[in-house]
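A.B. asks: Listed below are the residues making up each chain.
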Amino acid sequence: MKILVCMKQVPQKDAPLKLNESGTWIREDLSYEVNEPDAYALEEALRQKEKHSGEVVVITSGPARASQVLREALAKGADRAIHLEDNAFVGLDAFNTARAFSDAIKDEKFDLIFTGLQSDDYGYAQTGVILAELLGWPHATIIMQIEKQDGGIRVKRELEAGYFQYVDMPLPAVLTIQSGINKLRYATLIGIKQAKNKPMRKVTMAEIQSALGENLQKIERLYIPQKTKKTEMIEGSPAEIAKKLTEKLRNEVRVL
Amino acid sequence: MARIFAYIGHRNGIVDDSAMELFAVARKIDPAASPTALVTGWGASLDTICDALRTTFPEVWKIASENLAYPNAELIRKALMKVLPPGSIVLVPHDHFGIDLAPGLSIKLNEAFVSDILDVTERSGTAMTVVRQEFGGQVSAHVRCDHSSGAVITVRPGAFKPSSSAPLAGVVVDKSSEVGPLAAGRRYLQTVVAEAGEVDITKHNVLVSIGRGIQEKDNVGIAQELADVLGAAVSCSRPVVDAKWLEKSRQVGSSGKTVKPKVYLACGISGAFQHLAGIKGNPFIIAINKNPKAPIFQVADIGIVDDILEFLPEMTNKIREMQSVSAK
Numbered sequence: 000m001k002i003l004v005c006m007k008q009v010p011q012k013d014a015p016l017k018l019n020e021s022g023t024w025i026r027e028d029l030s031y032e033v034n035e036p037d038a039y040a041l042e043e044a045l046r047q048k049e050k051h052s053g054e055v056v057v058i059t060s061g062p063a064r065a066s067q068v069l070r071e072a073l074a075k076g077a078d079r080a081i082h083l084e085d086n087a088f089v090g091l092d093a094f095n096t097a098r099a100f101s102d103a104i105k106d107e108k109f110d111l112i113f114t115g116l117q118s119d120d121y122g123y124a125q126t127g128v129i130l131a132e133l134l135g136w137p138h139a140t141i142i143m144q145i146e147k148q149d150g151g152i153r154v155k156r157e158l159e160a161g162y163f164q165y166v167d168m169p170l171p172a173v174l175t176i177q178s179g180i181n182k183l184r185y186a187t188l189i190g191i192k193q194a195k196n197k198p199m200r201k202v203t204m205a206e207i208q209s210a211l212g213e214n215l216q217k218i219e220r221l222y223i224p225q226k227t228k229k230t231e232m233i234e235g236s237p238a239e240i241a242k243k244l245t246e247k248l249r250n251e252v253r254v255l
Numbered sequence: 000m001a002r003i004f005a006y007i008g009h010r011n012g013i014v015d016d017s018a019m020e021l022f023a024v025a026r027k028i029d030p031a032a033s034p035t036a037l038v039t040g041w042g043a044s045l046d047t048i049c050d051a052l053r054t055t056f057p058e059v060w061k062i063a064s065e066n067l068a069y070p071n072a073e074l075i076r077k078a079l080m081k082v083l084p085p086g087s088i089v090l091v092p093h094d095h096f097g098i099d100l101a102p103g104l105s106i107k108l109n110e111a112f113v114s115d116i117l118d119v120t121e122r123s124g125t126a127m128t129v130v131r132q133e134f135g136g137q138v139s140a141h142v143r144c145d146h147s148s149g150a151v152i153t154v155r156p157g158a159f160k161p162s163s164s165a166p167l168a169g170v171v172v173d174k175s176s177e178v179g180p181l182a183a184g185r186r187y188l189q190t191v192v193a194e195a196g197e198v199d200i201t202k203h204n205v206l207v208s209i210g211r212g213i214q215e216k217d218n219v220g221i222a223q224e225l226a227d228v229l230g231a232a233v234s235c236s237r238p239v240v241d242a243k244w245l246e247k248s249r250q251v252g253s254s255g256k257t258v259k260p261k262v263y264l265a266c267g268i269s270g271a272f273q274h275l276a277g278i279k280g281n282p283f284i285i286a287i288n289k290n291p292k293a294p295i296f297q298v299a300d301i302g303i304v305d306d307i308l309e310f311l312p313e314m315t316n317k318i319r320e321m322q323s324v325s326a327k
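Quick note, the sequences are listed as chains X and S, same order. To convert, note that position 181 of the first sequence is 180 in numbering that gives the first Met the number 0; the numbers rise steadily by one, no gaps. To convert, note that position 29 of the second sequence is 28 in numbering that gives the first Met the number 0; the numbers rise steadily by one, no gaps.
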């Protein structure tokens, strides 16, 4: 099976964010990491390849720093990478990102395309689904299991409140992968070495510009949300805080 | 102003809670709106649903087809495309079904798509400003959306207060014949429920709930020790289940369990909305997190900025000390 995995670089999860002066975006002097559901999508693609043979290709869009995500993927076992490299890719809405990806892969024939369910930054949960629609392929979201069958695949979708749904689909198809579908691997030293010789294709904005349309949504302003609850902050050394909290649990909350 | 539609989900003959919320969104977008409910399905339960909805919506469009007896976003999208007038605004709940249906629908209709909104602050002509949360709830965003050729909008469940108005005598319009035969590549098989675990976290008054901050499986014991001295159970947020450190039945959140404890200790949990959606009944929330900007502090009664790996054992010791003093 030939599988494309769409990946994104996002700010590290526990990095405290600061807004820029005009309040239109976050300050970018922070650490980045791979979007977590995308890491699971890559892992799933590698596992499918190990079972059924084939090829795993990874793609991302964003500035030069985003290539780190691709290099890590190559080190874990992906065969080659495609980097749509330009700062301007960061500002595209999901529809245009999907258009850019679909244009960049127009000469390839994939059996499956994986994306993470959603990104930890914008959290739109739509790029993969839009890509499916642009390609005219069937899709399914929130995938927790993939089994190859004759003529297609059987997938398990996660619903709310602990429910799951099973669906059969033909190939090619687009799946958006949920965190927890598998157990992530680490890159090996050999993998990291081999990654350096694996192909990484760069695509410029100019090459795919004609495939893009107008951005239909634009962030006007960002702000830190107002607190809705009065929070008492307890400060001190861990031992001091523990003492105060124990007293509270006993005398005020009365659970001790 | 464009015509506004609300896609209404239902299960076992019961209208989804989101129906009244979507009605409220429509009124917020356009105070003069007469939003139309869109319902798809099959059989007698579909008529029950339509009847229930016409007390809220002046018009209910019913699309009945045997193919639509089970939820299949691919088929429903094709059905909706055939009946929706160009330029419509379509509201869909941002749940497992909405995120499957809505993005593709916007492409099919050639309309803007706006995902997971919490509020609508402004509308002028062919644009509106909506409020979203980004970066896991750390930042709110005002997003300007051009809806000159219509828009498909998904709405966060619970974000809009359901509207309450005098019951209407709306009409049900059967659109089924406009849809015609439907076929999809995707085939629905069955819905199953996750296995029950050995501990029922919904039955506990005090929960020691752990998140990503617990860092590795071997550290789960630290939380269990605290839970033991508190007479509590250990629950968790999604990343802990994803990493296979605890079983699914311990997960609090929209894809896990809904709990109603008296006291909730959120330990190393960032407080994503999917997690908070599983905490009901307004418990006393104690949040412990290294990141002072973690969204969990926005809903906490007591906040502690600390590393749970250091703090939790300290807390366990203090409670043990206190208990041994009281015992003497």
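FYI, nobody ran anything at the bench for these hints, they're computed from the structure. Please note that the accuracy of each hint is not assured.
Cross-link-like lysine-lysine pairs, in silico, PhoX-like; alpha carbons within 20 Å at most [unchecked claim]: (1) X:Lys17 x S:Lys289; (2) S:Lys279 x X:Lys12; (3) S:Lys259 x X:Lys228; (4) X:Lys243 x S:Lys259; (5) X:Lys226 x S:Lys279; (6) S:Lys279 x X:Lys228; (7) S:Lys261 x X:Lys229; (8) S:Lys261 x X:Lys247; (9) X:Lys229 x S:Lys243; (10) S:Lys259 x X:Lys182; (11) X:Lys17 x S:Lys292; (12) X:Lys228 x S:Lys160; (13) X:Lys182 x S:Lys216; (14) X:Lys12 x S:Lys160; (15) S:Lys279 x X:Lys229; (16) S:Lys160 x S:Lys279; (17) S:Lys261 x X:Lys228; (18) S:Lys247 x S:Lys279; (19) X:Lys226 x S:Lys160; (20) S:Lys279 x X:Lys155; (21) X:Lys155 x S:Lys292; (22) S:Lys289 x X:Lys226; (23) X:Lys182 x S:Lys243; (24) X:Lys226 x S:Lys292; (25) S:Lys77 x X:Lys228; (26) S:Lys289 x X:Lys242.
Computed, partial: chain S to chain X, Cβ under 10 Å [said to hold, decoys possible]: (27) Thr128; (28) Glu197; (29) Asp199.
Ideal Cβ placement from N, Cα and C applies to all residues, glycine included.
A.B. asks: Decide, hint by hint, whether the structure agrees.
C.D. replies: Outcome of the hint check:
no.: 1; hint: X:Lys17 x S:Lys289; verdict: 16 Å, holds
no.: 2; hint: S:Lys279 x X:Lys12; verdict: 25 Å, violated
no.: 3; hint: S:Lys259 x X:Lys228; verdict: 18 Å, holds
no.: 4; hint: X:Lys243 x S:Lys259; verdict: 25 Å, violated
no.: 5; hint: X:Lys226 x S:Lys279; verdict: 18 Å, holds
no.: 6; hint: S:Lys279 x X:Lys228; verdict: 15 Å, holds
no.: 7; hint: S:Lys261 x X:Lys229; verdict: 18 Å, holds
no.: 8; hint: S:Lys261 x X:Lys247; verdict: 14 Å, holds
no.: 9; hint: X:Lys229 x S:Lys243; verdict: 35 Å, violated
no.: 10; hint: S:Lys259 x X:Lys182; verdict: 31 Å, violated
no.: 11; hint: X:Lys17 x S:Lys292; verdict: 10 Å, holds
no.: 12; hint: X:Lys228 x S:Lys160; verdict: 18 Å, holds
no.: 13; hint: X:Lys182 x S:Lys216; verdict: 13 Å, holds
no.: 14; hint: X:Lys12 x S:Lys160; verdict: 30 Å, violated
no.: 15; hint: S:Lys279 x X:Lys229; verdict: 18 Å, holds
no.: 16; hint: S:Lys160 x S:Lys279; verdict: 16 Å, holds
no.: 17; hint: S:Lys261 x X:Lys228; verdict: 17 Å, holds
no.: 18; hint: S:Lys247 x S:Lys279; verdict: 19 Å, holds
no.: 19; hint: X:Lys226 x S:Lys160; verdict: 18 Å, holds
no.: 20; hint: S:Lys279 x X:Lys155; verdict: 28 Å, violated
no.: 21; hint: X:Lys155 x S:Lys292; verdict: 35 Å, violated
no.: 22; hint: S:Lys289 x X:Lys226; verdict: 18 Å, holds
no.: 23; hint: X:Lys182 x S:Lys243; verdict: 8 Å, holds
no.: 24; hint: X:Lys226 x S:Lys292; verdict: 11 Å, holds
no.: 25; hint: S:Lys77 x X:Lys228; verdict: 44 Å, violated
no.: 26; hint: S:Lys289 x X:Lys242; verdict: 19 Å, holds
no.: 27; hint: Thr128; verdict: 7 Å, holds
no.: 28; hint: Glu197; verdict: 15 Å, violated
no.: 29; hint: Asp199; verdict: 12 Å, violated
Taken one by one, the earlier hints fail for this structure at numbers 2, 4, 9, 10, 14, 20, 21, 25, 28, 29, listed in ascending order.
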